[in-house]
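Visitor: This is what each chain is made of:
Number of protein chains: 2
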Amino acid sequence: MSDPVDALVGKRKREMDGPDSAHSVGWTRPRHAELADEANPLLLECGQSIWPVTVEYELYGELSPARDNVIMIFHALSGDAHVAGWDATWQEHGRPWRAWPDGKSPNWWDSMVGPGKAFDTSRYCVLCANVLGSCYGTTGPSSTNPATGRPYGVEFPPVTVGDWVKLHARLLDHLGIDQLLLAVGGSLGGQQVIELGLAFPDRAKGLAVLAASPQLSNQGVALNYAARQAIVNDPCFASGQYYGCCRPEAGLGIARMIGHITYLSEMGMEARFDSGRKKPDELRCDLFNPHERALGDGSGFIAHNEFEVESYLTRQALGFNERFDANSYLYITKAMDYYDAAQWGDGDLVKAMARARGDWLVASFTSDWLYTPAGCRRLADALCVNLKPVTYVNIESGYGHDAFLLEVDVLERLLTGFLKGLQR
Amino acid sequence: MSDPVDALVGKRKREMDGPDSAHSVGWTRPRHAELADEANPLLLECGQSIWPVTVEYELYGELSPARDNVIMIFHALSGDAHVAGWDATWQEHGRPWRAWPDGKSPNWWDSMVGPGKAFDTSRYCVLCANVLGSCYGTTGPSSTNPATGRPYGVEFPPVTVGDWVKLHARLLDHLGIDQLLLAVGGSLGGQQVIELGLAFPDRAKGLAVLAASPQLSNQGVALNYAARQAIVNDPCFASGQYYGCCRPEAGLGIARMIGHITYLSEMGMEARFDSGRKKPDELRCDLFNPHERALGDGSGFIAHNEFEVESYLTRQALGFNERFDANSYLYITKAMDYYDAAQWGDGDLVKAMARARGDWLVASFTSDWLYTPAGCRRLADALCVNLKPVTYVNIESGYGHDAFLLEVDVLERLLTGFLKGLQR
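As you go down the protein sequences, you meet chains R and Y in turn.
Under our numbering, the first residue of the first sequence carries the number -18, and numbering increases by one thereafter.
Under our numbering, the first residue of the second sequence carries the number -18, and numbering increases by one thereafter.
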């Protein structure tokens, strides 16, 4: 198919740097830090304390002697610390979920991170850490609860964007980094950048917020809610204690479908998927044939795919079940729903942004309906009113929310320039 | 709360005409017609024939001696034939699902139909019939399959918008109505109006298509798919043979949530629901408490409501379970996904619309993202290219897709004028 979305994905694939490429950071292994113990627990916003807390992170490039060349990337909902290069541990067992289970793709933002790329690892030291509550190496609901000896499940405390940033500030202390050159993230990662700028105004010289607004819309909350209800109402959810048993595959699959629809745009979906409809004589009389199961892979997920977009969503649902934990999905979407930067100003965003320091870059994408341009602009406006240095760009794109991952060329130009400005 | 959506809903409620009001058609009872039997089965687009077929319909006002004053209203996904007045049968048993189970509201488009209203029953004869596959009196998956003696369930044949219109043309024959003065419908009802205009070009003098485009977008298909997967993956779905057993309440509830989100607009949801977020000390530590069930009503649906929009969706999910059949939801959303008016022109909409006769009115709503203004306009454009008489209006509204039910004042002005033009 020669549509613009596939053309771009194709282009991204053509430009994919193998682990031996001069533009790749090569094979990578995550590092781990123990950042909370009984003597020094992490006090969460909900009032509960948690320990032990392990944080998984990756680090590429050399830390400068002045420790002033660190770019910290904050990942989104289903991301992890494996931001660049190729995961050397993918074929090793012991980790229940893998972001890229096939070992055939580089890590999630490899297009932006590596020697000679926007986040040039021959000049900068790039850091990315997995969030609390995730299933990718940092403590989360699938970790063992020391109080019970079994996985936390839904006994894991609720976590917030504020908790994540607090924990990542501990990681910076642990690594001896006082100030980041740049904090950057898209989507829920962008909300972490906002929070870092408000909770620790001196810890980043530059802050780049991509496709993220100070608060998710009620529409976004509603879609996350429907997604979570699909998980908790799946009988295999078993009140969150499904580890070692059957997993809520149908629930998580439906949740992923709902999420994935919000990452694309109406325009992008029209361009990407055949919109041909069945002709009358092609209609199937066994439409909801109860014996058909998705892809015949033995999974518990029943699917009835007729249209291209349906098969696509089914593949997303099945793939997500291989790589993500349903409990983590519950906790991370809740953190997304809870976030409200205006709480730093008692509900007044302009008042909140008065705390901000550093140089800000805010980028939205025209077809993003999850974190809309209008929502992102509210952040830029609140910074402007406070006379803070901020650049706001609304990038023309048909890729919807996913544009922050796909619009590599424009982001590269934008961030290279922004980084140059920070070092003047 | 004094927000615009509630203000409007309030206004609508204030204007609600009781059954004794001079502006109400009063208490109504549906009528039934047997429109297919073994000697005269209904041949469906899928190639299967079906009999017997009962159609439930309502009729208000007097048929003129020339039988030229009929307005036929086509209902949307979850609508029924009870379009105006008050349902006199609501408290009678024997029908498993009720559109308005509480008997405290008039029928679904009472704001538009009645003496002195847009569809003035003192001048016009107003007809509305329930579609094939529904659960509101016309034959559907919950009807008895004569071949097995038990409800059809998913053995019901797939139905299409074309099948509905074909069946309703039989109803017009049965009632001795050659030509409608006006065919009008919103959403999936609007698609039936388009289909009537193409399959039976002489059967309507005027055709009013509200919030409906010639084809649902891939985004709409994707959302319907996620909704259906929630139903078929609910263990209580039991391959569609759940009648008399537990019903797939969680699945249908989640489907309704997804659907309902598409009926509102982002703007409308911001205006309608509190967007306040929990302060840190209000966070619940038992976020996914497994013992909590929605509203404590003993239903099988687990909910965890923190935000206003979540409680709203939960109420929608529970209410829908009282009034709709999950199998009907599967079949009717499939018909919605299948529809493509361009098939009358071998995939070319302009060629298809060359068949059209009569006067057309196409109205879209600015914040409707299910049937977008751009999509609706494609219909008007295709009529224009063919030099057919068409009026297109894009109505400014914050109510999203639901605007076709809520923007009563502007629709009343628009349709009163359009009706006047048809009688010149």
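Any given hint could be a false lead.
Pairs of lysine to any residue residues, derived as SDA-like cross-links and limited to a Cα-Cα distance of at most 20 Å, are as follows [unchecked claim]: (1) Y/Lys259 <-> R/Gly326; (2) Y/Lys260 <-> R/Ala180; (3) R/Lys260 <-> R/Phe288; (4) R/Lys260 <-> Y/Lys260.
Computed footprint of chain R on chain Y; a stretch qualifies when at least three of its residues, placed anywhere within it, have a C-beta under 8 Å from a C-beta of chain R [unchecked claim]: (5) 210 to 218; (6) 381 to 395.
Treat the hints as calculated values from the structure; they're not laboratory data.
A virtual CB, placed ideally from N, CA and C, is assigned to each residue, including glycine.
Visitor: Each hint: holds or not?
Guide: Hints and how they fare:
no., hint, in the structure
1, Y/Lys259 <-> R/Gly326, "holds, 14 Å"
2, Y/Lys260 <-> R/Ala180, "holds, 15 Å"
3, R/Lys260 <-> R/Phe288, "holds, 12 Å"
4, R/Lys260 <-> Y/Lys260, "violated, 54 Å"
5, 210 to 218, "holds (count 6)"
6, 381 to 395, "violated (count 0)"
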